[in-house]
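Asker: Put chain B on the given structure of chain A with help from the hints.
Protein chains: 2
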Amino acid sequence: MTDPRLERLLATVPGLRLKTDPADLEHYGRDWTRRWTPAPLAIALPGSVEEVRGIVHWANQAGVAIVPSGGRTGLSGGAVAAQGELVLSLERMNRVLDFNAVDRTLTVQAGTPLQVAQEAAASHGLAYPVDFASRGSATVGGSIATNAGGIRVVRYGNTREWVAGLTVVTGAGDVLELNRGLVKNSSGYDLRHLFVGSEGTLGVVVEATLRLSDPPPPTNVMLLALPSFEVLMQVFAAFRERLQLEAFEFFTDVALRHVLAHGAQAPFAETHPYYVVAEFATGDERAETAALAAFEYCLEHGLVLDGVISQSDAQAAQLWRLREGITEALARYKPYKNDISVRVSTMPAFLAETQALLAQQYPQFEVVWFGHIGDGNLHINVLKPDTMENDAFVAQCEQVTTLLAGALERHGGSISAEHGIGLVKKPYLSGTRSDAEIAIMKGIKRVLDPNGAMNPGKLFDA
Amino acid sequence: MTDPRLERLLATVPGLRLKTDPADLEHYGRDWTRRWTPAPLAIALPGSVEEVRGIVHWANQAGVAIVPSGGRTGLSGGAVAAQGELVLSLERMNRVLDFNAVDRTLTVQAGTPLQVAQEAAASHGLAYPVDFASRGSATVGGSIATNAGGIRVVRYGNTREWVAGLTVVTGAGDVLELNRGLVKNSSGYDLRHLFVGSEGTLGVVVEATLRLSDPPPPTNVMLLALPSFEVLMQVFAAFRERLQLEAFEFFTDVALRHVLAHGAQAPFAETHPYYVVAEFATGDERAETAALAAFEYCLEHGLVLDGVISQSDAQAAQLWRLREGITEALARYKPYKNDISVRVSTMPAFLAETQALLAQQYPQFEVVWFGHIGDGNLHINVLKPDTMENDAFVAQCEQVTTLLAGALERHGGSISAEHGIGLVKKPYLSGTRSDAEIAIMKGIKRVLDPNGAMNPGKLFDA
Chain A
84 MTDPRLERLL ATVPGLRLKT DPADLEHYGR DWTRRWTPAP LAIALPGSVE EVRGIVHWAN
144 QAGVAIVPSG GRTGLSGGAV AAQGELVLSL ERMNRVLDFN AVDRTLTVQA GTPLQVAQEA
204 AASHGLAYPV DFASRGSATV GGSIATNAGG IRVVRYGNTR EWVAGLTVVT GAGDVLELNR
264 GLVKNSSGYD LRHLFVGSEG TLGVVVEATL RLSDPPPPTN VMLLALPSFE VLMQVFAAFR
324 ERLQLEAFEF FTDVALRHVL AHGAQAPFAE THPYYVVAEF ATGDERAETA ALAAFEYCLE
384 HGLVLDGVIS QSDAQAAQLW RLREGITEAL ARYKPYKNDI SVRVSTMPAF LAETQALLAQ
444 QYPQFEVVWF GHIGDGNLHI NVLKPDTMEN DAFVAQCEQV TTLLAGALER HGGSISAEHG
504 IGLVKKPYLS GTRSDAEIAI MKGIKRVLDP NGAMNPGKLF DA
Chain B
84 MTDPRLERLL ATVPGLRLKT DPADLEHYGR DWTRRWTPAP LAIALPGSVE EVRGIVHWAN
144 QAGVAIVPSG GRTGLSGGAV AAQGELVLSL ERMNRVLDFN AVDRTLTVQA GTPLQVAQEA
204 AASHGLAYPV DFASRGSATV GGSIATNAGG IRVVRYGNTR EWVAGLTVVT GAGDVLELNR
264 GLVKNSSGYD LRHLFVGSEG TLGVVVEATL RLSDPPPPTN VMLLALPSFE VLMQVFAAFR
324 ERLQLEAFEF FTDVALRHVL AHGAQAPFAE THPYYVVAEF ATGDERAETA ALAAFEYCLE
384 HGLVLDGVIS QSDAQAAQLW RLREGITEAL ARYKPYKNDI SVRVSTMPAF LAETQALLAQ
444 QYPQFEVVWF GHIGDGNLHI NVLKPDTMEN DAFVAQCEQV TTLLAGALER HGGSISAEHG
504 IGLVKKPYLS GTRSDAEIAI MKGIKRVLDP NGAMNPGKLF DA
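So the sequences go chain by chain: A and B. Going from the first sequence to the numbering used here is simple: count from 1 and add 83. Going from the second sequence to the numbering used here is simple: count from 1 and add 83.
There's no promise every hint is true.
Where chains are identical, the list cannot tell them apart; a pair therefore holds if satisfied intra-copy or between any two copies.
What the hints assert, rightly or not - Listed next, the in silico SDA-like pairs over lysine to any residue satisfying Cα-Cα at most 20 Å (straight line):
id: 1; residue 1: Lys525; residue 2: Asp257
id: 2; residue 1: Lys525; residue 2: Asn262
id: 3; residue 1: Lys467; residue 2: Thr116
id: 4; residue 1: Lys525; residue 2: Ala255
id: 5; residue 1: Lys525; residue 2: Glu260
id: 6; residue 1: Lys509; residue 2: Asn262
id: 7; residue 1: Lys509; residue 2: Trp115
id: 8; residue 1: Lys102; residue 2: Glu90
id: 9; residue 1: Lys420; residue 2: Arg118
id: 10; residue 1: Lys420; residue 2: Ala439
id: 11; residue 1: Lys420; residue 2: Arg294
id: 12; residue 1: Lys102; residue 2: Ile521
id: 13; residue 1: Lys509; residue 2: Tyr380
id: 14; residue 1: Lys420; residue 2: Pro446
id: 15; residue 1: Lys509; residue 2: Val477
id: 16; residue 1: Lys417; residue 2: Asp518
Simulated from the structure, these hints should not be mistaken for lab results. Only a predicted model underlies this, so the values are computations on that prediction, with no experimental measurement involved.
Only chain A is shown next, with the shape it has when bound in the complex:
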């Protein structure tokens, strides 16, 4: 603690909790990406909005950059501090502040883990329906910064849809209370939506008022085996028309093979090119009948090659494990991840084109596809061959991403569906957003963060 800048920080924000141990610098300086060496100046752990504001004022004066930090479960390097930045961790600001039964809202500090918010909602008989696998570590603030999606988007939409109000500290040190929980508010530009998905580049989200939903209905789970992606889309259409879908996830035979190798139980005697895990609301006899009818329709029309409907919660969990276990099963191959989206209707053409391109140009790579059909969101994991060095692998994968970015541009897609741009996807942003859009984004950043104090180098180079 001999750095004069930190002395000044403590003079500006008396009593601020700071960490400078090398182990802490390493722990707080990275997210779930592992491509950058953490090198933050220090870790600040403010306990109040006022302290956050003091830190931002100091950063502007001292010329130190701030990396806002939630659960650091991000996959795009948005929370990496590798350039001497101050990490501003929200972990001590993790309290549920308010529940309002009439408004059906929950107000939390930004460092509240997603799962804690979900449990708080459930304790009042309601639900916070944004959900994804890192729920125990990911924070509400971080999920807002990336407009996180997850497995329930087909039914509930993205994080954006559930933010009724935000308190933020801008890069200029202004505290803004945005929308304040109103349902209807046509009083000028909606800055709340500007902060959702801004990846910490405009300011720090310090509190959020979340909309809550009715508790989820009772559901059932189906696993389906399908002959092709085109047929998979037909099955999606048939199911969407007849059922209330809570999730509709697909994966390939390659993905299943890895999950089975990792210890899961084979669902069918034979293997098939594509699989779908569909979760659908039941709750009454009509819904049950509709689900069976949809299933039988698909079997009779040869759309589904094999299938199973869960008969118990345990079996439902077992079916889900085939989809949710993919990431863990692939981990040992240090997969290079892409998280892309196109319009739902464009998925078959995009998938066919890119699978052919990859097979032709990168036959040495095993590529695992899975994702969220209802959202047009495809996760593409390229597996590192055991014999290849990591640096060479990453370098080749970046060429794969360039190839993907080109296909996305042709098909009107996005290089990041739900992970954000961060550092990882920054080189490819211009395939998804036009030069004019990027120039406007940079202009907006200058308005809210005139000295470039907030998470510089993420999303774009200002």
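Answerer: Then chain B, alone, in the frame of chain A:
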């Protein structure tokens, strides 16, 4: 057509349709507000995005301001051209461009009337669920510019929720294709949401891709008589818990008196302080039973003083007329309208405080309250006494609005729920948005509209 600026416009955009007849200038220069004398330079009626772009380039060079113009049904003066502006009417850009069954989207030119978009969706077995009374004249572009709400917000949300993609021409003349129909897209700031509700101050919305919903379920309508607003809120809670509400609208005895004087039929033998029109999904026996049970629960607990459930579509329409007929019944009093919102839970306290303030300070005015309970949206109509001159009335009403703005500030509300700020609410914006927020909005406008060509003087003075 001797103005040299218009000659230059025609040289820049050959073949552009222009109108300069005094009758046209008057017709296109105003919206549904009647407080400003229209005085546009001319009316341009472009037929393509390229023509819109040409007009914007000309405006920047010629130093002429542009007022984007849809159906001009606005109530805040957002489309008024009283300062020699060029009105850019989208009325010729009124085609449905595309329907996509898989994406469930409809792409329309911005000048498409709301009702045409609704009918196009219905022709494909789907629905565009944003709906309000001026649907026949209001355009999709205009509804996006104000983030229009309406009577279905309690169920379907505001316009913002249904915009999957926007094509805009910015004030700098850039054509941006924002979000391009994607469900998931975390690739930087969501400029689409910046344009929704921007009231033409950042650019011109030229095309929109709208999300469509399942067709609305069969519904039934109830009219309820209630003893107080507090009880009304209890009834809302009881109904929301038990039924799928499609609308939950309230009005006062004063509103009903005017509607009855205008020719409607009295629903009950006695008069009561508050009334609710509730529309709820039926469709199956369980829903019917739940509706009856909710109604009986409220009767038994003395919450509802009287009530009727419609037995036919004709009766449902008759009940709705009591609510929807208010605006027309009041028209002869040249009412001064306020359209405000608070959080749903704050409505009783806000209403009690402002009703008391109004009765105390403006006893000479008859005030009619109605609105959307589920959205916290109250419409307040102050009626002009027959004996009062219009100018004096408006002057006094602006003091009423100042009083309302103060109450809204205390209760965390908004001076505009769904009409927008425009010219009418501009003096009161600072009660709803902080100085820092307004400064940021002005900064953002400068980024997208550097020469201040787009609808200057609306929303705020740049």
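Asker: None of the hints should be skipped; say for each whether it holds.
Answerer: So, going through the hints one by one against the coordinates:
1. Lys525 - Asp257: For Lys525 and Asp257, both the intra-copy (19 Å) and inter-copy (15 Å) Cα distances are at most 20 Å.
2. Lys525 - Asn262: between (24 Å within a copy, 18 Å between copies)
3. Lys467 - Thr116: Result: close within a single copy only, 15 Å intra versus 65 Å inter.
4. Lys525 - Ala255: Both, since 15 Å and 15 Å are each at most 20 Å.
5. Lys525 - Glu260: between (23 Å within a copy, 17 Å between copies)
6. Lys509 - Asn262: between (30 Å within a copy, 18 Å between copies)
7. Lys509 - Trp115: For Lys509 and Trp115, only the intra-copy Cα distance (17 Å) is at most 20 Å; the inter-copy one is 47 Å.
8. Lys102 - Glu90: Only inside one copy: Lys102 and Glu90 sit 13 Å apart there, 68 Å across copies, limit 20 Å.
9. Lys420 - Arg118: within (12 Å within a copy, 58 Å between copies)
10. Lys420 - Ala439: within (18 Å within a copy, 61 Å between copies)
11. Lys420 - Arg294: neither (31 Å within a copy, 29 Å between copies)
12. Lys102 - Ile521: This pair counts as neither: shortest intra-copy Cα distance 35 Å, inter-copy 37 Å.
13. Lys509 - Tyr380: Answer is neither: 45 Å inside a copy and 58 Å across each miss the 20 Å cutoff.
14. Lys420 - Pro446: within (17 Å within a copy, 68 Å between copies)
15. Lys509 - Val477: The answer is within: 15 Å in one copy meets 20 Å, while 54 Å across copies does not.
16. Lys417 - Asp518: Cα proximity of Lys417 and Asp518: none, with 33 Å in one copy and 49 Å across.
Figure legend: structure checked against the earlier numbered hints; hints not met, in rising order: 11, 12, 13 and 16.
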